[in-house]
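**Student:** So for the first sequence, my numbering puts the first residue at 1; every next one is plus one.
If you're looking for bench data, these hints aren't it; they were derived computationally from the structure.
Computed from a predicted structure; not experimentally measured.
Mixed in with the good hints there might be a few duds.
Stated by the list, open to error - Okay, derived cross-link-like pairs now, DSS-like style, lysine-lysine, Cα gap no bigger than 30 Å in a straight line:
1. K334 x K363
2. K188 x K215
3. K318 x K334
4. K230 x K135
5. K352 x K318
What the hints assert, rightly or not - Simulated restraints, written as ranges between beta carbons of each label pair:
6. E314 x R30: 48 to 58 Å
7. P36 x K293: 19 to 29 Å
8. K233 x K145: 10 to 20 Å
9. I294 x T264: 15 to 25 Å
Note that the Cβ used here is the ideal one computed from N, Cα and C, for glycine as well.
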Amino acid sequence: MKTTKGFCDYSGQEALKRTKVKKTIEETFRSYGFEPAETPIIEYEEFVKENNPNDDAVSETFKLQDRGKRKLALRYEFTFQLKRLMKNKKLPYKRYQIGQVFRDEPISANRFRQFTQCDIDIIGSTIKDEAEILKTISDILKKLKIDFTINVNNRKLLNEILEEQKIKEKDKKEIIREIDKLDKLSEKEVKKNLKKYEAEKIIEILKKPKTYFKKYKSYEEIKELEKFCKLYKIKINFQPNLARGLSYYNGTVFEVKSSKMKETILGGGSYIFDKIQCTGYGAGLDRITTLAKIQTENNKILIISLNQDKKAIEIAEKIRESVPVQIFYGKPGKALEYANSYKIPFVIFIGKEEIKKKKIKIKNMETGKEKLISENQIKKYLS
RNA sequence: GCGAUUGUAGUUCAGUGGCAGAACGUGCGGUUGUGGUCCGUAAAACCCGAGUUCGAUUCUCGGCUCUCGCUCCA
Numbered sequence: 001m002k003t004t005k006g007f008c009d010y011s012g013q014e015a016l017k018r019t020k021v022k023k024t025i026e027e028t029f030r031s032y033g034f035e036p037a038e039t040p041i042i043e044y045e046e047f048v049k050e051n052n053p054n055d056d057a058v059s060e061t062f063k064l065q066d067r068g069k070r071k072l073a074l075r076y077e078f079t080f081q082l083k084r085l086m087k088n089k090k091l092p093y094k095r096y097q098i099g100q101v102f103r104d105e106p107i108s109a110n111r112f113r114q115f116t117q118c119d120i121d122i123i124g125s126t127i128k129d130e131a132e133i134l135k136t137i138s139d140i141l142k143k144l145k146i147d148f149t150i151n152v153n154n155r156k157l158l159n160e161i162l163e164e165q166k167i168k169e170k171d172k173k174e175i176i177r178e179i180d181k182l183d184k185l186s187e188k189e190v191k192k193n194l195k196k197y198e199a200e201k202i203i204e205i206l207k208k209p210k211t212y213f214k215k216y217k218s219y220e221e222i223k224e225l226e227k228f229c230k231l232y233k234i235k236i237n238f239q240p241n242l243a244r245g246l247s248y249y250n251g252t253v254f255e256v257k258s259s260k261m262k263e264t265i266l267g268g269g270s271y272i273f274d275k276i277q278c279t280g281y282g283a284g285l286d287r288i289t290t291l292a293k294i295q296t297e298n299n300k301i302l303i304i305s306l307n308q309d310k311k312a313i314e315i316a317e318k319i320r321e322s323v324p325v326q327i328f329y330g331k332p333g334k335a336l337e338y339a340n341s342y343k344i345p346f347v348i349f350i351g352k353e354e355i356k357k358k359k360i361k362i363k364n365m366e367t368g369k370e371k372l373i374s375e376n377q378i379k380k381y382l383s
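Produce the entire structure from the sequences given, and follow the hints as far as they go.
**Tutor:** As structure tokens, then:
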């Protein structure tokens with residue numbers, strides 16, 4: 001069966017890996033005191049637009065209508081929904097959310113129209129929180145054995161440079177977009193595009209060494225972020241041409257890349273909602289899962305009931321408290337083939353013989369070795 | 001959205017203007033208490049629509065879809 005353009009099925013090992021990655025991410029978020037939230041997938045179109053009517057992401061929303069002809073849209077991210085969640089919350093409000101978002105946009109490798117985002121935000125944040133947020137990234141990616149670089153910039157700094165160059169207010173957005181392409185397009189091309197706005201000079205500035213930027217007032221923010229990142233023992237890479245698309249960012253912006261993937265695996269920054277400074281990021285679960293080098297070991301046990309269903313169920317219920325257990329009602333030959341097929345490492349035979357001896361026979365599927373043990377030795381055997 | 005490319009069982013791939021094939025996988029059996037081997041057997045596909053034709057899965061056109069770029073993004 002084919003899936004619709006940009007929408008995917010996940011099953012078997014792949015689904016298992018996704019679940020595991022999701023769990024790792026969620027546990028990390030929680031370990032920093034973030035609490036979960038859930039929001040609707042469908043929203044009024046107006047609410048979706050309200051936040052950033054000019055953002056490209058907004059024009060990419062899937063639109064739909066209900067029976068009352070109300071205009072609705074599928075969420076394209078989580079951040080705008082935070083506006084509702086943050087109301088009347090004691091600050092800082094730290095929440096994470098993992099869920100599906102939808103964008104009606106062109107697809108390519110590692111780019112889909114339905115994908116899972118892992119989002120965390122701190123409502124009411126300072127630069128110290130930004131460092132903490134960056135640390136969560138480092139924690140997650142290390143656990144998943146993904147190599148990464150955190151590229152960081154600051155929108156204020158970018159603005160300061162644009163001001164210095166006397167760039168017209170209306171051109172700023174376009175120029176920021178052009179310079180964001182610097183790591184993709186050649187310098188020549190970007191320069192050509194910037195000529196339209198008489199802003200070619202900017203490219204020279206952005207090429208300068210880090211020390212050059214110290215003269216800007218907003219560089220203080222980068223310095224402070226670096227100071228706190230040091231306390232968390234994480235490395236960040238200052239990249240002056242990094243801008244990021246979403247227009248609501250107002251300070252630090254960052255983007256995480258891996259050498260194994262062209263696409264950005266995670267992006268975020270700081271923004272203002274209702275005069276409250278916030279910071280956060282969205283990570284692409286699909287991309288992270290693709291990169292994650294983790295084993296999806298199967299610790300399941302298959303109990304083979306040889307016409308001893310009562311006992312099989314009884315034992316399954318007992319073991320289930322600590323290890324996943326599945327009962328197979330049928331011939332042993334079939335059962336073993338089944339275990340092979342799903343890579344189940346242990347099977348337990350429950351038949352007349354076992355009942356008579358008041359033991360169970362447990363078999364290691366890899367070595368083929370069998371052992372008669374008593375019920376309460378199972379846990380010990382497995383460890 | 002634009003340009004290029006692709007489309008045949010669940011998967012990977014053959015093939016033909018006239019009955020559509022394999023391998024792997026799946027089901028059943030050989031094997032009613034022991035698997036990863038073997039043997040037998042079954043189910044299972046020509047992306048959709050129009051046109052040309054006695055006849056189209058094959059040729060033509062359109063759509064959809066796959067993959068890769070571009071714009072943009074997680």
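**Student:** Confirm or reject each hint.
**Tutor:** Each hint, compared with the structure:
In summary, the hint linking K334 to K363 is supported, as the alpha carbons are separated by about 15 Å, within the 30 Å threshold. Between K188 and K215, the direct Cα distance comes to roughly 27 Å. Compliance with the 30 Å bound is thereby established for this hinted pair. Restraint check for K318 and K334: satisfied, since their Cα atoms lie roughly 24 Å apart, inside the 30 Å limit. At most 30 Å may separate the alpha-carbon atoms for a hinted pair to count; K230 and K135 meet this at roughly 10 Å.
A hinted pair counts as satisfied when its Cα atoms are at most 30 Å apart, and K352 with K318 qualifies at roughly 20 Å. The hinted range of 48 to 58 Å is not satisfied by E314 and R30, whose Cβ atoms lie roughly 35 Å apart. Taken as a hint, the range 19 to 29 Å holds for the pair P36 and K293, whose Cβ atoms sit roughly 27 Å apart. Distance hint for K233 and K145: a CB-CB separation of about 18 Å, consistent with the stated range 10 to 20 Å.
For I294 and T264, the Cβ-Cβ distance of about 21 Å falls inside the hinted range of 15 to 25 Å, so the restraint holds.
The structure fails to meet hint 6 from the earlier list, while all remaining hints are met.
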